[in-house]
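Following the hints, complete the assembly by docking chain B onto the known chain A.
One line per chain: the protein sequences are A and B, in this order.
Under our numbering, the first residue of the first sequence carries the number 2, and numbering increases by one thereafter.
Under our numbering, the first residue of the second sequence carries the number -4, and numbering increases by one thereafter.
Everything labelled a hint here was simulated from the structure, so no lab data went into it.
Quick reminder that beta carbons are idealized off the backbone N, C-alpha and C, glycines included.
Any given hint could be a false lead.
Claimed, not checked - No more than 16 Å apart at the CA atoms, straight line, and that leaves these computed lysine to aspartate or glutamate pairs for EDC-like:
#: 1; chain 1: B; residue 1: Lys283; chain 2: B; residue 2: Asp247
#: 2; chain 1: A; residue 1: Lys220; chain 2: B; residue 2: Glu484
#: 3; chain 1: A; residue 1: Lys260; chain 2: A; residue 2: Glu325
#: 4; chain 1: B; residue 1: Lys302; chain 2: A; residue 2: Glu343
#: 5; chain 1: B; residue 1: Lys374; chain 2: B; residue 2: Asp394
#: 6; chain 1: A; residue 1: Lys153; chain 2: A; residue 2: Asp301
#: 7; chain 1: B; residue 1: Lys223; chain 2: B; residue 2: Asp237
#: 8; chain 1: A; residue 1: Lys378; chain 2: B; residue 2: Asp369
#: 9; chain 1: B; residue 1: Lys164; chain 2: B; residue 2: Asp466
#: 10; chain 1: A; residue 1: Lys205; chain 2: B; residue 2: Glu690
#: 11; chain 1: B; residue 1: Lys372; chain 2: B; residue 2: Glu351
#: 12; chain 1: A; residue 1: Lys115; chain 2: B; residue 2: Asp359
#: 13; chain 1: A; residue 1: Lys115; chain 2: A; residue 2: Glu101
#: 14; chain 1: A; residue 1: Lys76; chain 2: A; residue 2: Asp375
#: 15; chain 1: A; residue 1: Lys79; chain 2: A; residue 2: Asp297
#: 16; chain 1: B; residue 1: Lys524; chain 2: B; residue 2: Asp237
#: 17; chain 1: B; residue 1: Lys319; chain 2: B; residue 2: Asp303
#: 18; chain 1: A; residue 1: Lys98; chain 2: A; residue 2: Glu277
#: 19; chain 1: B; residue 1: Lys283; chain 2: B; residue 2: Asp359
#: 20; chain 1: A; residue 1: Lys418; chain 2: A; residue 2: Asp402
#: 21; chain 1: A; residue 1: Lys246; chain 2: A; residue 2: Asp297
#: 22; chain 1: B; residue 1: Lys392; chain 2: B; residue 2: Glu351
#: 23; chain 1: A; residue 1: Lys222; chain 2: B; residue 2: Glu484
#: 24; chain 1: B; residue 1: Lys219; chain 2: B; residue 2: Glu410
#: 25; chain 1: A; residue 1: Lys115; chain 2: B; residue 2: Asp253
#: 26; chain 1: A; residue 1: Lys227; chain 2: B; residue 2: Glu484
#: 27; chain 1: B; residue 1: Lys551; chain 2: B; residue 2: Asp537
#: 28; chain 1: A; residue 1: Lys205; chain 2: B; residue 2: Asp695
#: 29; chain 1: B; residue 1: Lys205; chain 2: B; residue 2: Asp528
#: 30; chain 1: B; residue 1: Lys523; chain 2: B; residue 2: Glu173
#: 31; chain 1: A; residue 1: Lys364; chain 2: A; residue 2: Asp402
#: 32; chain 1: B; residue 1: Lys676; chain 2: B; residue 2: Asp695
#: 33; chain 1: A; residue 1: Lys220; chain 2: B; residue 2: Asp45
#: 34; chain 1: A; residue 1: Lys153; chain 2: A; residue 2: Glu235
#: 35; chain 1: B; residue 1: Lys686; chain 2: A; residue 2: Glu212
#: 36; chain 1: B; residue 1: Lys625; chain 2: A; residue 2: Glu224
Claimed, not checked - Calculated from the model, a selection of chain A residues having no Cβ within reach of chain B, i.e. all distances over 12 Å:
#: 37; residue: Ser59
#: 38; residue: Gly150
#: 39; residue: Lys205
#: 40; residue: Arg206
The chain contents come next:
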Amino acid sequence: MKSFLNQLDPLSRRQFAMRTAKTALGVSLLPFGAGSRAMAAEGAGFGKAKHVIFLYMSGGMTHIDTFDPKDGSTKSPKAPIKTKADGIDRIGGYLPKLAEQAKKMTIVRSMTSKTGVHEAGSYIMKTGYEPRGTIIHPSMGAWASHFQGRIKGVMLPDSVTVGGGGGHPGAGFFPPSLSPVPISSAEAGLQNIRPSSGDDVFQKRVSLMNEFDSGFRNKFKSEDVKAYTEFYEETMKLLKSEDLKAFDISQESAETKAKYGPGFGAGCLLARRLVEHGVRFVEVNLGGWDMHNTIDTAMDRNGNTLDTGFAALLQDLEDKGLLESTLVCLGSEFGRTPDINENDGRDHYPSAYSTVFAGAGIKGGYVHGSTDKDGRKVADKQATPSDFQATIGHAMGLPVDEVVMSPSNRPFTVGDKGNPILDIFA
Amino acid sequence: MKTSKILLTSVCCAVIGAVTAQAATAPASRMWTDTKGRQVEATFQAMEGDNILLQTKDGTTHRFPLTNLSAEDQQIAQSLKATTPVQPKALDASIAQAASKIDYLVAKGVVRANPQRAKDGLPPITSYNPLTSDEQFVRRIYLDVVGRIPSHDEALAFIQDSSPTKRAKLIDMLLDSEGYNSHMFNYLADMMRVTENFDNNNVRGVPYIKWLKEQVAANLPWDKVVHKMMVTSGKMWGEDADAPATGYLLRDSGMPLDNLANTLTIFLGTDVACAQCHDHPFADWTQKQFYEMASFFGATTTRLNGKDFEGGDRGMMLMTEAEKIIEANGGDLTRIRNGLQQYIGANRVAVMDRKENTMKLPHDYKYKDGKPGDPVKPKFITWAKSDASNPAYKQGKKDEEKLRNSFAAWMTHKENPRFAMTIANRLWKKAFGSGVAEPVTNIDDPKNATNPELLLHLTAEMKRLAFNLKDFQRLVYNTKAYQAEATTEAIAMGTPYYFQGPQLRRMSAEQTWDSYMTLMLGNPDTRKKPAQDLYSRAVNLDLANPKLDAKTVLMKYDAFRNIGKTQAAMMNSAEEGGDSMMMEGNMMGGRGGRGMEYFRASELPQPARDGHFLTEFGQSRRLLIDGGSKVGSVPQVLMLMNGSAQQMLTQSGSPVLTQIEAAKTPEEKVDTLFLSVMSRKPTANEQALAKREIESSGSDAFPNLVWALINTREFIFVQ
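Here chain A stands alone, though its shape is the one from the complex:
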């Protein structure tokens, strides 16, 4: 694939880049190079994930207190607990509900990353690429839209992020129209969906806007201007759509809402609703993992939040028959130091940490890889953030080997040439 590109003269490389940019708009997808990478793509679990729910633990999730418990000098303040699955010996004592759900999940205990800086670490986990000052790499939802086009039959966006604030790589070098739609609060859902004026007046205002703006839009050909115009068009279509209710978790029963819990839990519930209505990629953020101080107190709070939301999500997806087509994955920018620091907390630790996968053809009750006795180093089957991203891409059926040229004519692949962790697929 790459050698083929290198043979092209600069002009045809540029044309290729232009075409990739065009397909990125979701207009069409040309099966370029499909033959060569289809072979590489064969393998367990390929394309089983029609939807992905990515639970992002922002701040650096401690591995020893959650999914990779230890007994020696680095042990958690709280004793680990047994799980319902034979293949997973035990998990952190803060996660009793997830222990019940263990039969649905694979834990990858052999993650390692290069950076202990939050921003860079999050970026790598969300794109598979190290941050560079000259380009923004796409997040996985945008990659999927690029390869698979816009989701059909619904007016909903392809990808949504819930919580988490700014700093998301979004569409990267793809057009901004492929960016995930950010929802700041799951409870509030999508805001401002009712016009402040009557519908007729609203329509009139919109057409006045377009008329007054036509000169400017003709003059300035920038992608940013075009993207804003597309956002307006997309928004207008969404407002007229029945699918709008997918964003409204108030339509769920009080019982269901209670199972998920507030905040992050509500985010998980919203993710399930969105997936149910056809959204392809939902990222739900849970902050509060930067536990430099008193890890026991911090874990009591955050562990419970994660435990409640994540466990409810897995059970609910199964009950609704969505788990087979939905990949749920959990990741964080790094782990935390095995040694407890002077403030009873743990500091940043990229050398070893854990991620979790479930649903969409993932093995249940399985552990992939391990760390050494005290959780300091990866002992077996090391996996990188690029592998993590490539695994998601593989599950979604994306051609992870295919080289895509950015508008500035640089070659990129899903997950920066990471290797999908095929061992975790049943």
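Chain B in isolation, oriented as in the chain A frame:
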């Protein structure tokens, strides 16, 4: 070859032209005839694409299609376009000269785009884009210098001003206005990740924010500001006027390595973050080098322990005493303990230099030049071999307690190889949309900048101006390159840009909000929240003072909690965005309900709460350096169309609508509308469109028109 020769000649002329600007005469006014035979006396100003700009005697600039003129006058216009020198500016001669030098270097650099453009099938660039019209300029300069659109009156005053030096005068006026302080604070706050909520719950950045605003307002030289942030000791709410400068280091309390990586990125345009954990994979930095730099902070703590207090930390004892008092009074200890502990703990968050440098190589160090746990000696990084003889590097490193001062002296030294360059490159980007070297956070080799000579020259100018950021920006804004029209073609991500004019940029979240505030208040710049800092007084405990007793601690803690509650209530109302002020029914005169909402972004919580207009529009969460986003989204568009911010402008009685209604004729009303919202007069076409709407909707027309205009791309993009 030929092209560059011609270009050079014209640039030389331009240099001379600008230097002798005061002597130059403006083009004479003449009688212009249109295709219908109508005549007007006016001065040719410029061509703007297919439009011509004429200035009538009353100072108003008129813009209309060239084809409206008679064939003969069209020809005259074309010839004037070719020969008319750029509008003469009676600048201070030294500024004019300095601006010309920059323009000369830009012009030399612009042609470098052409080989690649030829390959891409694009026409060559020979010089800057055409000069902006007054209408384009007034909007842009307000947004760039004071961070908001001009009000109706401000735009009109500039457009009608017939002085040939009006641009330079406006730049001076704006740089000295309150609005500059507000906008510059927003820029620095985004760059330095300034936040009210530090990692420790009770530690808030309030005093630091106030201090930073004061430095901007006083226009303290940049090297001095940064030096203070590096060397100051104590608590953020200490008594010394500069004590809040510790906020910079305390922002990352407990994470000194991250803080250092950010410091190098922000102030030296050098990204060594990767070297924190391993040798830098893409550059020459080794992990050892990173730790050698960190060693300058190896004796510095940002969290005090018992040994750091003379006579010991009395916090533990006070806590035990306080618990006894609470229990004796039947209070619920479990509910109070945590909060009280944090309250006392906040007073341990302070910068202090200890006697010993404890910096060591990390336990997983894997390179041959050291072993895990080895002590690391401080050593400055270098970018080039010649740096060895650079005077910035002559700093003492013996006294461990003063290592931090050595680092600060080296970093902010005039001759530091990157310090002046980094801030110069950043301020260039602030004006043009991209830096001479990109990314501004990692300049790497200046030779790889799109225009290395320009970068070196801007660096030299920053030094010559002794890090006076106002004077430096004055220079940049007075260049012809800056005053040229924005580039209209698409610029692909990652391709070099040569500054034939500024890039088209979306307004930042703060610029957009502050522009809405302008439509609400006319001039929002002087509206400030009371500067009284209750927080600092309430949180401050002197843990070393033997006279401090538990009873006093409990009383102060109670006061502290009450402030917290009041503020939380105020912030909750802010979270509603405009809704609560609508409820108050108190829009007239621009006094928002509960005094919270109608402030510029710089006066609101840093950063704004989730769901606020600013957040939705991409204000930085202040986690990342330059974390503000200019990307659109569906929720954002929904907010622009249906949110409370547009309602406050389109609701009957809103200040902008009141001003429009005050105009006499329908045409004048539409003029007022356009000057208020778009900072320009409407075209004939737009007048007709507005007329149609007025005839169709009657009194509802203007709310509809305001809505339509604030939702245009033209509104949120800076030309």
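Cross-check of the supplied hints:
1. Lys283/B with Asp247/B: violated (22 Å)
2. Lys220/A with Glu484/B: holds (8 Å)
3. Lys260/A with Glu325/A: violated (21 Å)
4. Lys302/B with Glu343/A: At roughly 14 Å apart (the allowed maximum being 16 Å), Glu343/A and Lys302/B satisfy the hint.
5. Lys374/B with Asp394/B: Holds - the C-alpha atoms of Asp394/B and Lys374/B are around 14 Å apart, at most 16 Å.
6. Lys153/A with Asp301/A: violated (42 Å)
7. Lys223/B with Asp237/B: Cα-Cα ~7 Å, so holds.
8. Lys378/A with Asp369/B: Since the Cα atoms of Lys378/A and Asp369/B sit roughly 20 Å apart, the hinted pair is violated (cutoff 16 Å).
9. Lys164/B with Asp466/B: At roughly 14 Å apart (the allowed maximum being 16 Å), Asp466/B and Lys164/B satisfy the hint.
10. Lys205/A with Glu690/B: holds (14 Å)
11. Lys372/B with Glu351/B: Roughly 12 Å between the alpha carbons, so the hint for Lys372/B and Glu351/B holds.
12. Lys115/A with Asp359/B: holds (12 Å)
13. Lys115/A with Glu101/A: violated (33 Å)
14. Lys76/A with Asp375/A: holds (8 Å)
15. Lys79/A with Asp297/A: At roughly 7 Å apart (the allowed maximum being 16 Å), Asp297/A and Lys79/A satisfy the hint.
16. Lys524/B with Asp237/B: Outside the cut-off at roughly 21 Å; violated.
17. Lys319/B with Asp303/B: Roughly 26 Å separates the two Cα atoms, so the pair is violated.
18. Lys98/A with Glu277/A: violated (23 Å)
19. Lys283/B with Asp359/B: holds (12 Å)
20. Lys418/A with Asp402/A: The hint holds at about 7 Å.
21. Lys246/A with Asp297/A: violated (39 Å)
22. Lys392/B with Glu351/B: holds (13 Å)
23. Lys222/A with Glu484/B: holds (5 Å)
24. Lys219/B with Glu410/B: Status holds; Cα separation ~14 Å.
25. Lys115/A with Asp253/B: Holds - the C-alpha atoms of Asp253/B and Lys115/A are around 14 Å apart, at most 16 Å.
26. Lys227/A with Glu484/B: Roughly 12 Å between the alpha carbons, so the hint for Lys227/A and Glu484/B holds.
27. Lys551/B with Asp537/B: holds (12 Å)
28. Lys205/A with Asp695/B: holds (11 Å)
29. Lys205/B with Asp528/B: holds (9 Å)
30. Lys523/B with Glu173/B: holds (10 Å)
31. Lys364/A with Asp402/A: Violated - the C-alpha atoms of Asp402/A and Lys364/A are around 24 Å apart, more than 16 Å.
32. Lys676/B with Asp695/B: violated (21 Å)
33. Lys220/A with Asp45/B: Within the cut-off at roughly 11 Å; holds.
34. Lys153/A with Glu235/A: holds (14 Å)
35. Lys686/B with Glu212/A: holds (13 Å)
36. Lys625/B with Glu224/A: Satisfied, since the Cα-Cα distance of roughly 12 Å is no more than 16 Å.
37. Ser59: Its Cβ does come within 12 Å of chain B, the nearest being 9 Å, so this is violated.
38. Gly150: holds (18 Å)
39. Lys205: violated (6 Å)
40. Arg206: Given that some Cβ of chain B is not farther than 12 Å from that of Arg206/A, nearest at about 5 Å, it is violated.
Comparing the model with each numbered hint stated earlier shows that hints 1, 3, 6, 8, 13, 16, 17, 18, 21, 31, 32, 37, 39, 40 do not hold.
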